[in-house]
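Here is what each chain is made of, one letter per residue.
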Amino acid sequence: MIKFENVTKAYPDGTVAVDGLNLEAPTGKLTILVGPSGCGKTTSLRMINRLIEPTSGTIYLDDQPTSGMDAALLRRRIGYVIQHAGLFPHKTIVDNVSTMPVLLGESRQKARTKALELMERVGLPASFAKRYPWQLSGGQQQRVGVARALASDPAFMLMDEPFSAVDPVVRGQLQEEFLRLQREIGKTIIMVTHDIDEALKLGDQVAVMRVGGKLAQMASPSELLTSPADEFVADFVGRDRGYRSLGFTKTAGTVAIGEEAVVQLGASADEARAKASGAWVLVVDGGRKPLGWAQPELLNGEVKRENLNLSGIPAAASGTMRQLLDAALSSPSRRGVVVNEHGELIGTVTATDVVKAIEAEPHLETAR
Amino acid sequence: MNYLFDPAHWSGADGIPTLIGEHLLYSLIALAVAAIIAVPLGIYIGVTGKGVFMIAGLANALRALPSVGLLILLVLLISPAFPSRMGYVLPSLIVLVLLAVPPILTNTYAGVRAVDAAAVDAAKGMGFRTMKILTDVQLPCSLPLVLSGIRSALLQIISTATIAAYISLGGLGRLLIDGKAQNDYSQMVAGAILVALLALFFDQLLAFITRRVVSPGLTRRTIKPVPAAEPVKTPVTV
Amino acid sequence: MNFEWLGRQFDNIVFLLGWHVLLAVTPLILGLLIALPLGWWAHRSRRIYPLLVGVAGLLYTVPSLALFVLLPLVLGTKILDPLNIVAALTVYTVALLVRVVADALDSVPEDTVQAAKAMGYRGYQSLVKVELPVGVPVICAGLRVAAVSNVSLVSVAALLGIPQLGSLFTQGFQLRFYTPIIAGIVLCVVLAMILDGLIILLNRWLTPWTPKVVAS
Chain A
1 MIKFENVTKA
11 YPDGTVAVDG
21 LNLEAPTGKL
31 TILVGPSGCG
41 KTTSLRMINR
51 LIEPTSGTIY
61 LDDQPTSGMD
71 AALLRRRIGY
81 VIQHAGLFPH
91 KTIVDNVSTM
101 PVLLGESRQK
111 ARTKALELME
121 RVGLPASFAK
131 RYPWQLSGGQ
141 QQRVGVARAL
151 ASDPAFMLMD
161 EPFSAVDPVV
171 RGQLQEEFLR
181 LQREIGKTII
191 MVTHDIDEAL
201 KLGDQVAVMR
211 VGGKLAQMAS
221 PSELLTSPAD
231 EFVADFVGRD
241 RGYRSLGFTK
251 TAGTVAIGEE
261 AVVQLGASAD
271 EARAKASGAW
281 VLVVDGGRKP
291 LGWAQPELLN
301 GEVKRENLNL
311 SGIPAAASGT
321 MRQLLDAALS
331 SPSRRGVVVN
341 EHGELIGTVT
351 ATDVVKAIEA
361 EPHLETAR
Chain B
1 MNYLFDPAHW
11 SGADGIPTLI
21 GEHLLYSLIA
31 LAVAAIIAVP
41 LGIYIGVTGK
51 GVFMIAGLAN
61 ALRALPSVGL
71 LILLVLLISP
81 AFPSRMGYVL
91 PSLIVLVLLA
101 VPPILTNTYA
111 GVRAVDAAAV
121 DAAKGMGFRT
131 MKILTDVQLP
141 CSLPLVLSGI
151 RSALLQIIST
161 ATIAAYISLG
171 GLGRLLIDGK
181 AQNDYSQMVA
191 GAILVALLAL
201 FFDQLLAFIT
211 RRVVSPGLTR
221 RTIKPVPAAE
231 PVKTPVTV
Chain C
1 MNFEWLGRQF
11 DNIVFLLGWH
21 VLLAVTPLIL
31 GLLIALPLGW
41 WAHRSRRIYP
51 LLVGVAGLLY
61 TVPSLALFVL
71 LPLVLGTKIL
81 DPLNIVAALT
91 VYTVALLVRV
101 VADALDSVPE
111 DTVQAAKAMG
121 YRGYQSLVKV
131 ELPVGVPVIC
141 AGLRVAAVSN
151 VSLVSVAALL
161 GIPQLGSLFT
171 QGFQLRFYTP
181 IIAGIVLCVV
191 LAMILDGLII
201 LLNRWLTPWT
211 PKVVAS
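Protein chains in written order, with the working numbering: chain A, 1 to 368; chain B, 1 to 238; chain C, 1 to 216.
Treat the hints with care, since some could be wrong.
Stated by the list, open to error - Pulled a few chain B residues facing chain A out of the computed Cβ check, cut under 10 Å:
#1 A119
#2 A123
#3 D136
#4 S215
Everything labelled a hint here was simulated from the structure, so no lab data went into it. Owing to the predicted nature of the structure, the values given are computational and were not obtained by experimental measurement. Heads up, the beta-carbon is just placed ideally off N, CA and C, and yes, glycines get one too.
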């Protein structure tokens with residue numbers, strides 16, 4: 001657990017970067033500090049490992065005040081990931097990842113073995129070990145940065161805009177992978193970002209800060225979307241928050257899933273016409289995994305792969321309202337394909353079904 | 001060429017080996033003193049940001065100062081205070097050091113400044129202490145520029161040491177100055193060739209050392225050098 | 001300082017200053033004229049670049065006094081001929097500027113070159129009207145370094161007896177007399193500063209579109 005108690009950072013010129021911050025980042029959870037530039041989020045983060053010293057107040061690491069600790073020893077207990085990775089340009093990737101264990105006194109040999117395991121874990125091929133940072137893309141460098149922070153297996157991690165220097169596609173990948181990793185390792189993490197989407201996507205809880213270094217609201221992502229504390233938070237979270245909040249509402253069996261007649265690849269045009277509902281028929285493989293939609297009227301002979309329309313995005317039955325709605329809206333037949341955890345077809349839903357279920361959800365009515 | 005291949009000139013107290021030895025001795029002493037002054041000072045200014053005004057001004061001012069004039073002025077000022085030979089050696093060494101300090105200082109400063117701030121922040125955040133950041137991150141990363149400064153400085157020193165023969169300093173410059181006095185062009189050519197070879201040898205030696213000690217992670221050998229990464233070589237203003 | 005001496009020597013000093021200017025500025029202009037096509041060649045060819053820059057680096061390592069003495073062997077001139085000094089300093093200037101010109105042309109944004117091409121500029125038109133003007137600040141920065149070091153290098157020729165401001169140093173040494181030495185140093189520094197300033201003005205005049213700060 002990391003706890004801020006009345007923490008203030010004021011500079012001699014009178015600017016107050018952080019103003020009386022109270023905050024608790026629970027053990028094993030990912031807490032996100034988000035806000036516009038100048039809100040003191042990075043200052044707050046850097047006060048935890050004392051790269052910046054607070055003017056007043058106390059920060060606790062598992063109930064011990066950090067102020068009495070040796071700053072360097074404190075930092076060695078906390079993983080640190082920054083925006084541009086900050087890799088050592090003169091060291092190979094494997095030596096970069098080995099930095100912390102070697103600093104803590106482990107043998108170079110042992111540290112390298114461990115580093116290779118970690119590289120695999122963050123999705124870096126072993127062939128990268130002997131390369132130097134400049135030979136890697138921004139996204140790859142960021143993975144090395146994460147691996148380096150994890151190398152000493154710290155209980156705490158601080159991440160300062162770790163994914164914002166890479167392009168949106170790579171950012172999405174890194175975020176997904178990082179979520180998966182965090183589910184395995186369960187570190188106590190505080191991450192700073194200016195990107196509210198990233199905060200809502202990754203955070204177990206999100207602290208929205210306002211300019212002047214004050215905490216505006218601390219809540220779970222769905223709570224932020226459905227009940228923002230004030231105008232500022234509502235604005236910052238964004239206009240389409242009603243729709244986005246669906247991303248946090250589990251379907252949990254509240255949506256009626258309809259039966260859908262299917263054909264397999266190779267079926268005749270007649271069979272397809274017989275099974276079709278409206279203009280479209282769903283095509284599956286032998287294991288009932290959905291392949292795409294076909295239009296029997298346009299078929300010339302049997303159902304072949306090139307006849308399939310692939311624009312529909314299947315949703316998992318265990319997924320969220322947003323995924324279900326998206327499945328329905330993206331499907332050419334307007335019937336969203338719903339699959340089980342093995343990717344096998346359960347049935348289809350229409351947008352109307354989903355909206356009915358949303359209207360029946362009690363807490364969504366509180367959304368403004 | 002005759003002078004160079006006459007065996008008589010390769011032995012004795014004023015033979016070519018002695019002259020090369022003297023030239024090297026003066027040059028290396030001056031380089032060592034200059035490096036001992038300039039490298040720590042450059043690191044200090046680069047790391048703390050204190051005294052930055054010295055850097056730009058110093059490099060430009062000393063480039064504009066004619067080294068011959070400086071050398072002669074210092075000899076006239078200092079030599080009366082010292083007996084015999086020291087009167088010439090000491091002012092010469094001072095001028096050599098004075099001319100060697102700026103390239104080392106400015107390059108060391110630039111090298112330390114150019115170290116990726118994110119790498120230093122990361123080192124600090126991982127719990128490196130100040131000294132360790134210096135020895136493990138800042139110094140190795142600025143090494144290419146520090147060595148390039150030392151290379152410029154050594155060329156400057158070898159070149160200026162040649163001129164110092166005019167004020168009676170030993171070394172290969174003797175062949176040029178004495179040859180001029182005796183109207184012996186072949187002696188002058190011999191001196192010029194030997195000095196040029198000496199400079200080329202040390203330039204290549206330092207280039208070789210640089211390749212050996214600088215991490216390939218910093219030099220990015222496979223691509224064309226980026227203009228900004230390597231500053232314009234400080235010219236030998238002698 | 002003996003100002004009376006300076007007054008008596010005024011004509012002589014003006015004569016030395018004139019030679020100094022001539023010996024320092026001529027190589028600067030010649031060097032630039034030679035370095036422009038060479039630098040363009042290095043910029044165009046990835047194979048030529050390391051070769052030219054490598055040779056330039058080697059030439060730069062040759063100490064000036066040695067080059068002054070060796071050039072007569074190549075040029076067939078007499079050791080006292082001022083032409084040796086002009087040739088030697090031209091060599092240094094070219095060695096410095098080849099790389100600068102190549103890097104200046106490299107620094108022109110690819111978008112700019114493509115835009116010129118798209119508007120129908122021919123290769124040489126694009127070079128003269130677009131690429132060279134855009135590269136002017138970088139070339140001027142290199143020219144400033146060359147100008148200032150040339151002024152200092154010229155004075156070395158005094159050791160060979162070629163008259164210019166450096167002659168004041170040897171004269172002062174022989175007479176054990178400070179005045180000419182100090183006068184020579186001051187004039188050299190002032191001359192270097194004036195040349196430096198002129199190139200800054202030239203740069204401003206050639207690049208009216210840039211903010212009034214000169215990269216050094």
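Hints, one by one, checked against the model:
1. Taking 10 Å as the C-beta cut-off, the interface hint given for A119(B) holds, the closest approach to chain A being about 5 Å.
2. Taking 10 Å as the C-beta cut-off, the interface hint given for A123(B) holds, the closest approach to chain A being about 8 Å.
3. For D136(B), the suggested interface contact is upheld, since its CB lies about 8 Å from the closest CB of chain A, less than 10 Å.
4. The beta carbon of S215(B) comes within 4 Å of a beta carbon in chain A, closer than 10 Å, and the hint placing it at the interface holds.
Comparing the model with each numbered hint stated earlier shows that all of them hold.
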